[in-house]
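Novice: Combine the two chains into a complex, taking the hints into account.
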Amino acid sequence: MELFRLAIITLKINARDFGFWFWMVIYPLLLATMFVITTQNITGSDSLDDITIGVEDENNYYTILSEIEILEVEILNKEEARTALENEEITAFIDTDGDMIVASSGLDETIVSSIVNNIHQVIESDVGFQHYDFEQSYVDTQDYSAHPEVVMFFSLLGMLSFYSLFSVMEFLTKLQPNLSHQGARFYASPTNKSQILISNVMASVFMGLLANGMLIIFLMIVYQGALFDQLFTTLLLILVGNITGAGLGLILGVLPVKNEGFKTTIGILVTLFFAFSGGLAGPFLRQAVIENFPLLHRFNPIGQLTDTMYQINYMANYDNYLPTIILLLIIFVISVIIAIVALRGQQYDSL
Amino acid sequence: MIHVENVVKRYKEVIALDHFTFNAEKNEIIGLLGPNGCGKTTAINCMLSLLTFDSGEIKLFGKPVNPNDNDIKRRIGVVPQELALFDKLNVYENIDFFCGLYVTDKTKRKQLVEEAIQFVDLDKYRSFMPKKLSGGLKRRLNIACGIAHQPELIFLDEPTVAVDAQSRNFMIEGIKRMRENGATIVYTTHYLDEAEELCDRHVIMDNGKSVAQGTLTELQNSMTTEGSLKINFVETEEAVNAVLKKYPSISRIEKKNDNFYITFISSDEKLSDFLKFIDEEGLTYTELTSEKPSLSDIFLELTGKELRD
Ligand SMILES: Nc1ncnc2c1ncn2[C@@H]1O[C@H](COP(=O)(O)OP(=O)(O)OP(=O)(O)O)[C@@H](O)[C@H]1O
Ligand SMILES: [Mg+2]
Numbered sequence: 001m002e003l004f005r006l007a008i009i010t011l012k013i014n015a016r017d018f019g020f021w022f023w024m025v026i027y028p029l030l031l032a033t034m035f036v037i038t039t040q041n042i043t044g045s046d047s048l049d050d051i052t053i054g055v056e057d058e059n060n061y062y063t064i065l066s067e068i069e070i071l072e073v074e075i076l077n078k079e080e081a082r083t084a085l086e087n088e089e090i091t092a093f094i095d096t097d098g099d100m101i102v103a104s105s106g107l108d109e110t111i112v113s114s115i116v117n118n119i120h121q122v123i124e125s126d127v128g129f130q131h132y133d134f135e136q137s138y139v140d141t142q143d144y145s146a147h148p149e150v151v152m153f154f155s156l157l158g159m160l161s162f163y164s165l166f167s168v169m170e171f172l173t174k175l176q177p178n179l180s181h182q183g184a185r186f187y188a189s190p191t192n193k194s195q196i197l198i199s200n201v202m203a204s205v206f207m208g209l210l211a212n213g214m215l216i217i218f219l220m221i222v223y224q225g226a227l228f229d230q231l232f233t234t235l236l237l238i239l240v241g242n243i244t245g246a247g248l249g250l251i252l253g254v255l256p257v258k259n260e261g262f263k264t265t266i267g268i269l270v271t272l273f274f275a276f277s278g279g280l281a282g283p284f285l286r287q288a289v290i291e292n293f294p295l296l297h298r299f300n301p302i303g304q305l306t307d308t309m310y311q312i313n314y315m316a317n318y319d320n321y322l323p324t325i326i327l328l329l330i331i332f333v334i335s336v337i338i339a340i341v342a343l344r345g346q347q348y349d350s351l
Numbered sequence: 001m002i003h004v005e006n007v008v009k010r011y012k013e014v015i016a017l018d019h020f021t022f023n024a025e026k027n028e029i030i031g032l033l034g035p036n037g038c039g040k041t042t043a044i045n046c047m048l049s050l051l052t053f054d055s056g057e058i059k060l061f062g063k064p065v066n067p068n069d070n071d072i073k074r075r076i077g078v079v080p081q082e083l084a085l086f087d088k089l090n091v092y093e094n095i096d097f098f099c100g101l102y103v104t105d106k107t108k109r110k111q112l113v114e115e116a117i118q119f120v121d122l123d124k125y126r127s128f129m130p131k132k133l134s135g136g137l138k139r140r141l142n143i144a145c146g147i148a149h150q151p152e153l154i155f156l157d158e159p160t161v162a163v164d165a166q167s168r169n170f171m172i173e174g175i176k177r178m179r180e181n182g183a184t185i186v187y188t189t190h191y192l193d194e195a196e197e198l199c200d201r202h203v204i205m206d207n208g209k210s211v212a213q214g215t216l217t218e219l220q221n222s223m224t225t226e227g228s229l230k231i232n233f234v235e236t237e238e239a240v241n242a243v244l245k246k247y248p249s250i251s252r253i254e255k256k257n258d259n260f261y262i263t264f265i266s267s268d269e270k271l272s273d274f275l276k277f278i279d280e281e282g283l284t285y286t287e288l289t290s291e292k293p294s295l296s297d298i299f300l301e302l303t304g305k306e307l308r309d
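In order, the protein sequence lines correspond to chains A and B. So the first sequence is numbered by UniProt numbering: it starts at 1 and just counts up by one. So the second sequence is numbered by UniProt numbering: it starts at 1 and just counts up by one.
Just so you know, the hints here were simulated from the structure itself, not pulled from any lab data. Any given hint might turn out to be false.
To be verified - Derived Cβ-Cβ restraints for the label pairs, each shown as a range: (1) T265(A) with F170(B): 42 to 48 angstroms; (2) E5(B) with I268(A): 21 to 27 angstroms; (3) D71(B) with I26(A): 43 to 49 angstroms; (4) K132(B) with A342(A): 32 to 38 angstroms.
C-beta atoms are modelled at their ideal positions from N, C-alpha and C, and glycine is treated no differently.
Isolated chain B (complex conformation) (with noise of 0.2 angstroms):
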């Protein structure tokens, strides 16, 4: 469906894709994984025929990208990572303006402009100008703008940064059902566990170069880290950390909610020496579970860096 080999872009001084590589095959969520500025928006103008580049080769459905190609741009739909709207119309004419550029059979986009209302819940809005919707509202306009027209490959450049937990799971639910209508789906995020639940494979993106493509589980095996452990302690957090800042082979402490999750620098770290050193500390625990590496622990690993908001 998607085809990208060692597509190379520059602009100016800077490289924006260096020998970037990625496939998706039909009727996959396909995650593009990256820091800011890693190139994610980058390859997606490139793949979009917007953007020249320098060297490489990008074919969507078996075709050489061509910017001249209606056929295929029928086909395609895209949701820009920065709001494109327009001002002067409301909610419903500026879904209804941008399904025009696709569908010209008035009943036919009736019917989609309804759909893509109800898609993103904006139904209350409908007579809105986009200046009196919230920020996230925006969003979801923006992105009821480039899928109107039930497109078969979407392109989504984080299209969820700006909206809350509700709406976000209420699109991610809906994006999951383009897929079962037979969509594919590049989406690009930061938000890992968004990407996690989401995206049926992921390709993790820095400094211009996929460093690693595959689904959850490939990626989990393909990692020297055996994961995390997820400890509930008893003592006060100050207290935990300072016990645990002792320990020398622990890479990474993380807490959310009441737990710990702990990764050690190598995977043959043996359980039982740290939880002798815990004993011998005095930290005493009421849960302690071992969990398989996160798509954070992952990217860690891969690029040093950590992809927090």
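So here's chain A without its partners, still in its complex pose (with noise of 0.2 angstroms):
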């Protein structure tokens, strides 16, 4: 029952502040107008752009090729691939002996380019390349790029579901009196600062659902819902990021910084990286930090948000789903821990 009038008094407050209204509303609904105006169609997954290559004759190389889906294989001498090439009719061209000729470089080139290169690595490696799942590889190196509007999307989404920081931080900087004229009267009164701070989390977390639940909205209504196949999951994967975002937001609301500036700063900076190396810049960064620091892509909560939320809308792979949710869940508990040890009856040595 306090849980719940405290947790109203966080709605109150956020309620009536520009700042949450700008930066969980507004300022979500005009970045994504401007991806929305900058990217082209997008579409759903069923539809996948196929890339369409030139192949010298009908060796291995064709065999393999033309077994995986997202490829459009055609059989062509090096004349006619030159001009193709030429008038961008095909990606790139393999001759005989499996060297790769391209016209330009881009996603596309990459993944065909990472392809082949498979390829020959099994065919050196003299297993039978039978047994090998090319289309698997794809899937699991390169199938971001396909869409990589998309991914900016899914990380936009998973860079503001952790914005319920803010609201959090804030708060919990107003419980200590080292940080805050309020925190006296926090401090001296017998009330139970886990209490405050959980109906604090809670509302926090409510109200950054609810904010992200309009930018969805807006998303579904200008794609037609072809960016959210697995609404109802999504909307748990968003949930639990809202939650990952108020340990965080215990994090930064515990630094013993006064100035609330500086905090938010640095809030805006880690989600930022966070949703940075994660796709939100786009697949090339993301594909150097999955090559170059393997374990930041591992436990990038931003980025495994992002990689999970396309995975289920638009491969219908759940094999991440849990483990993201997992992380997540990880990360919250420990920033629960470090605030309480913080916070533990604490006296100051100065004000």
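Specialist: Right, dumping it as structure tokens:
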């Protein structure tokens, strides 16, 4: 009951705060609108754009490549291939020796090159390539490149789901006498601090979810549902994202820095960093992180959230669903522990 | 009720409390008086166990202070020196919220909040956001938030700064009523006339020490100055000042309204000598009274400092 009363107060405080409306609702919609304007038509998962390539003759490469669903393989001689490349009718040409020729560099070229490299390796390793699932290797490494805009939307959503951190951070700062004048009142009172905090986290997550919901509705209207094939499970991920965001808010909240603007900046930078390395800045950066900093990718909460949203909505693949939720909840639990330790029965040397 | 003994509090190089000692009995208003930076707020924060201190002992309600003692915290109210309000909650909601940290029963709290609003006379402004309140009204709200739960022990840290005379009197009456209802109040201020009127006992602080404490009479009796002469001269202020400057044993001249308040260096000063001097200098007065030393006289003697705004 008390929890509920305290939660309502957080709701009131946020609802009356222009900053809240701006950062949680207006800014996301502006960003999304910008993305919508700059990206071409986004389509659902069932209509991947195929990449057309040319192959010199019906060799092993041809056999393997034509098995791969997203590739459209044509047999061309070198002369035809050159014209086709110049006219951008094909993305790449693979000659008899397996050498690849491209006319420009780009995402599609990267995909093809990665597949061809894979084939080289398998051939060299002397294992029968019938046993290899090249489609899978494509899915594992390059699937996101097929829909870079989509990844960006999911990544944006993932980042925004973490914005529950600001409301928690602000409130927690008010709870501490060394950080704010209100803190002296809280501290001198017999009220259970954890109860106040729990109520605040609950309310902040609720409002974050509501704000993210508005963005989702906006995107669903714009793209007629194309982005969210699995709406309910996506919302569940967003909910967990908000919970983890609240956890980061707890950590920033107990950070002994009086300047709230500084903390807000850190909050924005951290989420932006996770979002950028997880796909917001486009697939190249994301790929570079996977290759050079695999651990960062593995434990990047926003990156994992982005990947998982993509996988469930565009590949109906739930393999990473539970692991992602568990990762996010673990981060939340760790944050809670840090906050509790930092707040516990503390006395201050100086206020 | 409050027992503070030899408390030392150091902030890195600054000694904020230097063997600070004082006691307060139940049901009295005790004034902590002293200039800016003498350690009043630090003393309160130590008593609230917000701050650690280096040595000494503090007991409230007969028990050593302990930051986790909620039973004691429940009986205390605090009005911080700085405004401590929520910008996004209105007057009523602010009081209700902070009162709710102590009182969870809804009907009881409603009644307490109403009483607090009456107490600080903010009824007209109950739905105002703090931003829309004037400085003095904000101060009043700040007070209401700290005392709404009607605690037994109340710390008021310069509550009346920026509050106009009329509301100040209103609140001073209110604080006296709280005492009548059984509360013990620690009141810091540097308005000495306010302290003189309100406080039962005074603790005079300087540089983190308590230099004297007692009732006004006790303090007056311990002074060497006999107090001041209150004289109403016919002549102009300049003329009077020019003459008085020549009299060697005057320690202070103050002009309030139409009266001169003259304090002498020694209490042995013969009034007849002084009157003779005035006569010889040709000054005429219409009224002359001898006054007991005021708190500011006492303060000046003890600390060598004037305490005025
Ligand atoms: N956090 C701090 N760090 C270092 N020094 C401090 C700190 N807080 C207060 N001080 C110093 O401790 C001394 C006592 O300060 P305190 O705030 O207790 O004074 P005060 O009597 O309440 O003054 P005022 O009338 O201005 O409110 C001052 O010299 C002040 O500069
Ligand atoms: Mg102070």
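Novice: Check each numbered hint from earlier against the structure, then list the numbers of those it violates in ascending order.
Specialist: 2
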